[in-house]
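Trainee: Spelled out from the first residue to the last, the chains are:
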Amino acid sequence: MKLVVVSAGLSVPSSTRLLGDRLAAAAAERTGAEVQVVELRELAVEIAHNLTNGFPGPQLGGALDAVKAADGLIVVTPVFSASYSGLFKSFFDVMDEDALAGKPVLIAATAGTARHSLVLEHALRPLFAYLKAVVVPTAVFAASEDWGADGLADRIERAAGELAMLMAGPGRSAGPRESAPEAKVTSGDFEFVPFEQQLSALRGE
Amino acid sequence: MQFGIFSVGDVTPDPTTGRTPTERERIKAMVAIAQKAEEVGLDVFATGEHHNPPFVPSSPTTMLGWIAARTERLILSTATTLITTNDPVKIAEDYAMLQHLADGRVDLMMGRGNTGPVYPWFGQDIRQGINLAIENYAMLRRLWTEDVVDWEGKFRTPLQGFTSTPRPLDGVPPFVWHGSIRSPEIAEQAAYYGDGFFHNNIFWPSDHTKRMVEFYRTRYAHYGHGTPEQAIVGLGGQVFMRRNSQDAVREFRPYFDVAPVYGHGPSLEEFTAQTPLTVGTPEQVIEKTLSFRDYAGDYQRQLFLVDHAGLPLKTVLEQIDMLGEEVVPVLREEFAKGRPADVPEAPTHAARVAAAQQAGSDEQAGSEQTESGRSAEEEVRTA
Numbered sequence: 028m029k030l031v032v033v034s035a036g037l038s039v040p041s042s043t044r045l046l047g048d049r050l051a052a053a054a055a056e057r058t059g060a061e062v063q064v065v066e067l068r069e070l071a072v073e074i075a076h077n078l079t080n081g082f083p084g085p086q087l088g089g090a091l092d093a094v095k096a097a098d099g100l101i102v103v104t105p106v107f108s109a110s111y112s113g114l115f116k117s118f119f120d121v122m123d124e125d126a127l128a129g130k131p132v133l134i135a136a137t138a139g140t141a142r143h144s145l146v147l148e149h150a151l152r153p154l155f156a157y158l159k160a161v162v163v164p165t166a167v168f169a170a171s172e173d174w175g176a177d178g179l180a181d182r183i184e185r186a187a188g189e190l191a192m193l194m195a196g197p198g199r200s201a202g203p204r205e206s207a208p209e210a211k212v213t214s215g216d217f218e219f220v221p222f223e224q225q226l227s228a229l230r231g232e
Numbered sequence: 015m016q017f018g019i020f021s022v023g024d025v026t027p028d029p030t031t032g033r034t035p036t037e038r039e040r041i042k043a044m045v046a047i048a049q050k051a052e053e054v055g056l057d058v059f060a061t062g063e064h065h066n067p068p069f070v071p072s073s074p075t076t077m078l079g080w081i082a083a084r085t086e087r088l089i090l091s092t093a094t095t096l097i098t099t100n101d102p103v104k105i106a107e108d109y110a111m112l113q114h115l116a117d118g119r120v121d122l123m124m125g126r127g128n129t130g131p132v133y134p135w136f137g138q139d140i141r142q143g144i145n146l147a148i149e150n151y152a153m154l155r156r157l158w159t160e161d162v163v164d165w166e167g168k169f170r171t172p173l174q175g176f177t178s179t180p181r182p183l184d185g186v187p188p189f190v191w192h193g194s195i196r197s198p199e200i201a202e203q204a205a206y207y208g209d210g211f212f213h214n215n216i217f218w219p220s221d222h223t224k225r226m227v228e229f230y231r232t233r234y235a236h237y238g239h240g241t242p243e244q245a246i247v248g249l250g251g252q253v254f255m256r257r258n259s260q261d262a263v264r265e266f267r268p269y270f271d272v273a274p275v276y277g278h279g280p281s282l283e284e285f286t287a288q289t290p291l292t293v294g295t296p297e298q299v300i301e302k303t304l305s306f307r308d309y310a311g312d313y314q315r316q317l318f319l320v321d322h323a324g325l326p327l328k329t330v331l332e333q334i335d336m337l338g339e340e341v342v343p344v345l346r347e348e349f350a351k352g353r354p355a356d357v358p359e360a361p362t363h364a365a366r367v368a369a370a371q372q373a374g375s376d377e378q379a380g381s382e383q384t385e386s387g388r389s390a391e392e393e394v395r396t397a
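Residue numbers (our numbering), protein chains in the order written: chain U, 28 to 232; chain S, 15 to 397.
Errors might be hidden in some of the hints.
Here's a subset of chain S near chain U, in silico, CB distances under 8 Å, partners left out [what the hints assert, rightly or not]:
no., residue
1, R84
2, E149
3, E202
4, Q203
5, Y206
6, H222
7, F229
8, P274
9, H278
10, G279
11, L282
27 Å max Cα-Cα, derived BS3-like pairs, lysine-lysine [claimed, not checked]:
no., chain 1, residue 1, chain 2, residue 2
12, S, K42, S, K104
13, S, K351, S, K224
14, S, K42, U, K211
15, S, K224, S, K104
16, U, K211, U, K159
17, U, K211, S, K224
18, U, K95, U, K159
19, U, K116, U, K95
20, U, K95, S, K224
Just the calculated beta-carbon pair ranges, DEER-fashion [claimed, not checked]:
no., chain 1, residue 1, chain 2, residue 2, range
21, U, Y157, S, G130, 41 to 49 Å
22, S, E160, U, D120, 18 to 26 Å
23, S, Q260, U, Q224, 51 to 59 Å
24, U, K95, S, N66, 49 to 57 Å
25, S, T177, U, Q224, 45 to 53 Å
26, U, R230, S, K104, 21 to 29 Å
27, S, T232, U, P40, 18 to 26 Å
28, U, Y157, S, P274, 55 to 63 Å
Everything labelled a hint here was simulated from the structure, so no lab data went into it. Beta carbons are placed, not taken as given, at the ideal position from N, Cα and C, and that holds for glycine.
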């Protein structure tokens, strides 16, 4: 089982990365999943090039493949200008639109003040709903003051438990795509509708 | 194997002089490039089709007809013909006409264009892009292979007892390639009909090209046209050459850095590492092009883009001289080495006429074979 953490923290060390690591450790403890961390800071230039050129460079391509293949995902962003960071959004902008379909995702964010905590509900949750991910009910927000206060550890444990349950749950293997109206088949890396079916669909059958 | 030039037909300012060619200059440059391609012994010239500035080639058969009259051997092709927004009746007639005038030196590459707004300009709906490509092409095949066509479909008025004129030369329509960058649907369509598949790889890393070509080859075999290795594959590639590789880089960099298709993104070095772009010596171009076979298999057509990024015509013609004199002769020799005997040659009109005659005599002998593609056309016909 594979668990991927996407961290959009920019400083080193970063509290965003720290929150991602805490969440990953709690989830891995429950699932035994192998954890891989994708640091978007290291991919910033390749992400920009992908936006202008249309294809990912080698490092970014590897990160996108890892996210696509993951059984579960933890995504963590700092709050910039009352929302997720531009780098965080750009990473998901260059991803195939179906890459997250049906995938369990834990959303988390960090900020200097607790006044931003609803960013998780008004920005991240709709984004991942659009991407057809299954977002766990508990989203984890950590303001600077939370690192020294009660409560954060409990929220991390609860969210990680919810993620672990979804990663192991029956909903995963069923997959949302099998209920698609067109019966797709796979060859190599491609999922596609065979040509006979495309022709008959055009005839309105 | 065939080697040639393809041109997008963009009007791009020369960044070293700030000068933008006029439309007339650019159109005349394109036909000069085609004539140069024949002069130096290349096999193919293909023009883009675009209907918006800064591109000039909106009327491919007008241009190709002009070139046909001034060349003897060059195969005239497109890259690409918009199967989505052109009326299939018009494509059938225009290219059959061109076939007669060019004595069969014609084939086409079908594509869906690079801009969404082109659909309404021709009365079509972009949401139907793939469906238009499917229905229009199924109709085009019938117009070329059947003398009298009754037809009804979703996207245009029905035809009753219609004969497109002139009929294809020698009763054999132009060979068709299907061009695509990232749509497996189009590779699937090419495989289904046993047509050629051209992967326009110029902005893509080799592993993507490898996956697309492998997919097409697998599906070509699935539909019973031959082994995967016998599928008909074409690839692009873009080059800039000088005797000395540092001179090539120095001269091309100012063009690369601001070109609409290259500039303001990855560096020239990153781009050449990740895509087919080669900026260097003829030997480097030979080496890079030969490496395409490592991931695409033995293939049939290699087209080079040389009139990119606003380079002046004189420079472009020098590039074609080098291709014809130094690069392509070596490529012909090297690609022929180790090429299995059952990998087909690139399609030509003469070969297709001979094959059709052979098939005709086989049919008379009562050994008719039904291709899966054939039966599906029947299905469309009854729609």
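Trainee: Next, verify each hint and record whether it holds.
Mentor: Structure-based check of all given hints:
Interface restraint check for S/R84: the shortest CB-CB distance to chain U comes to about 37 Å, outside 8 Å, so the restraint is violated. The beta carbon of S/E149 is positioned within 8 Å of a beta carbon in chain U (closest approach about 6 Å), and the interface hint is therefore held. At its closest, the beta carbon of S/E202 sits 5 Å from a beta carbon of chain U; the interface hint therefore holds under the 8 Å criterion. A cut of 8 Å between beta carbons decides the hint on S/Q203: the least distance to chain U is about 6 Å, and the hint holds.
Taking 8 Å as the C-beta contact cut-off toward chain U, the hint placing S/Y206 at the interface holds, the least distance being around 4 Å. For S/H222, the suggested interface contact is upheld, since its CB lies about 7 Å from the closest CB of chain U, less than 8 Å. For S/F229, the interface hint holds, since its Cβ comes within 8 Å of a Cβ in chain U; the closest pair sits about 5 Å apart. Violation of the interface hint for S/P274 is found here, the shortest Cβ-Cβ separation to chain U being roughly 11 Å, above the 8 Å cut-off.
A cut of 8 Å between beta carbons decides the hint on S/H278: the least distance to chain U is about 6 Å, and the hint holds. A least Cβ separation of about 4 Å between S/G279 and chain U falls short of the 8 Å threshold, and the interface hint therefore holds. Of the supplied interface hints, the one on S/L282 is violated, with its beta-carbon coming no nearer than about 13 Å to a beta-carbon of chain U, more than 8 Å. At roughly 25 Å between alpha-carbon atoms, S/K42 and S/K104 fall within 27 Å of each other, so this suggested pair holds.
With a C-alpha separation of about 21 Å, the suggested pair S/K351 and S/K224 falls inside the 27 Å cut-off, and the hint holds. Restraint check for S/K42 and U/K211: the C-alpha separation of about 47 Å exceeds 27 Å, so the hint is violated. With a C-alpha separation of about 34 Å, the suggested pairing of S/K224 with S/K104 is violated against the 27 Å cut-off. With a C-alpha separation of about 18 Å, the suggested pair U/K211 and U/K159 falls inside the 27 Å cut-off, and the hint holds.
Distance hint between U/K211 and S/K224 is fulfilled; the C-alpha atoms sit about 22 Å from each other, no more than 27 Å. The suggested pairing of U/K95 with U/K159 holds, with an alpha-carbon distance near 13 Å, which does not exceed 27 Å. With a C-alpha separation of about 16 Å, the suggested pairing of U/K116 with U/K95 holds against the 27 Å cut-off. Restraint check: the Cα-Cα separation between U/K95 and S/K224 comes to about 20 Å, which is no more than 27 Å; the hinted pair holds.
A hinted range of 41 to 49 Å for the beta carbons of U/Y157 and S/G130 is inconsistent with their spacing of about 21 Å. For S/E160 and U/D120, the Cβ-Cβ distance of about 47 Å falls outside the hinted range of 18 to 26 Å, so the restraint is violated. Roughly 54 Å separates the CB atoms of S/Q260 and U/Q224, a value that falls within the hinted 51 to 59 Å. Take U/K95 and S/N66: their Cβ atoms lie about 35 Å apart, and the range 49 to 57 Å is violated.
In this structure, S/T177 and U/Q224 break the distance hint of 45 to 53 Å, their C-beta atoms being roughly 32 Å apart. Taking the beta carbon of each, U/R230 and S/K104 are about 24 Å apart, inside 21 to 29 Å as hinted. Range check, S/T232 to U/P40: Cβ separation about 48 Å, and the 18 to 26 Å hint is violated. About 31 Å separates the C-beta atoms of U/Y157 and S/P274, a value inconsistent with the hinted range of 55 to 63 Å.
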